[in-house]
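Go by the hints and put chain B onto chain A.
There are 2 protein chains.
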Amino acid sequence: MKALTVDVICQTLSNRIASGDFAVGGRLPSERDLSEQFSTTRITLREALGQLESQGVIYRELRRGWFIAPPRLAYDPLLRSHFHAMAEQQGRTAATEVLDAQRVSASARLAQRLAMTEGAEVYRIRRLRRIDGRAVLYVEHYLNPQYFPELLSFDLTRSLTTLYQEEYGISYGRVGFTMLPMPLPKFAAPALKVAAGSPSLFITRINRDRHDRIIDCDYEYWRYDALYIDVQVREEGQASA
Amino acid sequence: MKALTVDVICQTLSNRIASGDFAVGGRLPSERDLSEQFSTTRITLREALGQLESQGVIYRELRRGWFIAPPRLAYDPLLRSHFHAMAEQQGRTAATEVLDAQRVSASARLAQRLAMTEGAEVYRIRRLRRIDGRAVLYVEHYLNPQYFPELLSFDLTRSLTTLYQEEYGISYGRVGFTMLPMPLPKFAAPALKVAAGSPSLFITRINRDRHDRIIDCDYEYWRYDALYIDVQVREEGQASA
Numbered sequence: 002m003k004a005l006t007v008d009v010i011c012q013t014l015s016n017r018i019a020s021g022d023f024a025v026g027g028r029l030p031s032e033r034d035l036s037e038q039f040s041t042t043r044i045t046l047r048e049a050l051g052q053l054e055s056q057g058v059i060y061r062e063l064r065r066g067w068f069i070a071p072p073r074l075a076y077d078p079l080l081r082s083h084f085h086a087m088a089e090q091q092g093r094t095a096a097t098e099v100l101d102a103q104r105v106s107a108s109a110r111l112a113q114r115l116a117m118t119e120g121a122e123v124y125r126i127r128r129l130r131r132i133d134g135r136a137v138l139y140v141e142h143y144l145n146p147q148y149f150p151e152l153l154s155f156d157l158t159r160s161l162t163t164l165y166q167e168e169y170g171i172s173y174g175r176v177g178f179t180m181l182p183m184p185l186p187k188f189a190a191p192a193l194k195v196a197a198g199s200p201s202l203f204i205t206r207i208n209r210d211r212h213d214r215i216i217d218c219d220y221e222y223w224r225y226d227a228l229y230i231d232v233q234v235r236e237e238g239q240a241s242a
Numbered sequence: 002m003k004a005l006t007v008d009v010i011c012q013t014l015s016n017r018i019a020s021g022d023f024a025v026g027g028r029l030p031s032e033r034d035l036s037e038q039f040s041t042t043r044i045t046l047r048e049a050l051g052q053l054e055s056q057g058v059i060y061r062e063l064r065r066g067w068f069i070a071p072p073r074l075a076y077d078p079l080l081r082s083h084f085h086a087m088a089e090q091q092g093r094t095a096a097t098e099v100l101d102a103q104r105v106s107a108s109a110r111l112a113q114r115l116a117m118t119e120g121a122e123v124y125r126i127r128r129l130r131r132i133d134g135r136a137v138l139y140v141e142h143y144l145n146p147q148y149f150p151e152l153l154s155f156d157l158t159r160s161l162t163t164l165y166q167e168e169y170g171i172s173y174g175r176v177g178f179t180m181l182p183m184p185l186p187k188f189a190a191p192a193l194k195v196a197a198g199s200p201s202l203f204i205t206r207i208n209r210d211r212h213d214r215i216i217d218c219d220y221e222y223w224r225y226d227a228l229y230i231d232v233q234v235r236e237e238g239q240a241s242a
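Chains as they are written, first to last, in the numbering used here: chain A, 2 to 242; chain B, 2 to 242.
Only chain A is shown next, with the shape it has when bound in the complex:
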């Protein structure tokens, strides 16, 4: 009986969310109000809310309650459209904020990824990216300055892809992605306004130009509930773009 009740509550809440019942501010009524509406216990209600959370339908904010989750962005590594294009193709509004941009020396691990020597000077650009106003991505771009002299003097809120093309005549070639689900590291948490240790998706991109030279490396820290990876693979083990 109890399992049925949880399912019925889930289904009813899902339907009400889908029909726009709670659209104002995107916030659900309090757990107490919801328990009363469903004539159920807090325990059963929380079980139903937990199920909806794991389906990505709602999410919880610390001390603020439950909110309707905006749809996740589909991220297709094979399409390789840049952040703003990807958002716009999906009917969303993208915004980029530059946190800082400076010269730093490459750590051993970064140097290896960029095929440079440890301690070599690289450009580091840290940016925060929003979808429909919500901060979803904290990213650190590391660039080999050899290919992009004076890059730091440009407007860095623009797409780097476009900047590379227009100012340096450089286009992306091969790209390597690794994607690690992991707890959000402490340094990335404040910008995303999420508790450190929350689930996140960490994406490393190593980008090459058309001459197969490694030109930059991005470390992307995503809110876990802001995206999903979507890949269609054809029979031959090749991908359909």
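Bear in mind the hints are in silico, worked out from the structure with no lab data behind them. There may be inaccurate statements among the hints.
Because identical chains share one entry, a pair is satisfied inside a single copy or across any pair of copies.
Claimed, not checked - Simulated pairs of lysine to aspartate or glutamate, DMTMM-like, Cα-Cα distance not exceeding 20 Å: (1) K194 - D101; (2) K187 - D8; (3) K194 - E141; (4) K187 - E48; (5) K187 - E54; (6) K194 - E62; (7) K187 - E141; (8) K194 - D133.
Remember, predicted model here, so these are calculated numbers, not experimental data.
Just chain B now, kept in the frame of chain A:
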């Protein structure tokens, strides 16, 4: 000064782990012992441990302490090798346990994924998969019985890929992947021996045969720290296999 100390502790611990210092049982000394070894406070030590955790170097077990993380499995959706092959290619030992296998009726969502009608009978096979003895993947396979008559009478610890080929002459064609980082749902937690709500990666695979008919759909729930996604994309937006 404090930031330096945390970094130094991280680096020293990383080096000791890499050199095999703690190999026995894979367990780190207690936090108290480690604080003493580094002549530091528990707070600083925990900050260092937290950093190593977010790098995937160590992980925490409830009430048991800190452990050295085994290497993550590289999961390349473009390679499409099955679980056992993927593990063996990476020098790991795979094992599969069948939790149950039965006929169930398709929910609306599942029916849509399988291109069947809601309530239609499907086979559901639930399995637990291990790498080097550790439970890393809880998976639910949903099969269209039309293509696999009497499949439930076979040994289901085998690779389904092989079973399809050998018993039904069916090979995979196009595959669609979606990958969602999300809190581990309650029903998947006990088999993985992880707390419900822990970070996980949920992968849905929709598999077609060479005639482009949808033959099955897998729901994979991975321990977040057991894998990473690795994709190499060529210039044309095509993938290199």
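Which of the numbered hints are not met once you compare them with the structure shown?
Result: no hint breaks.
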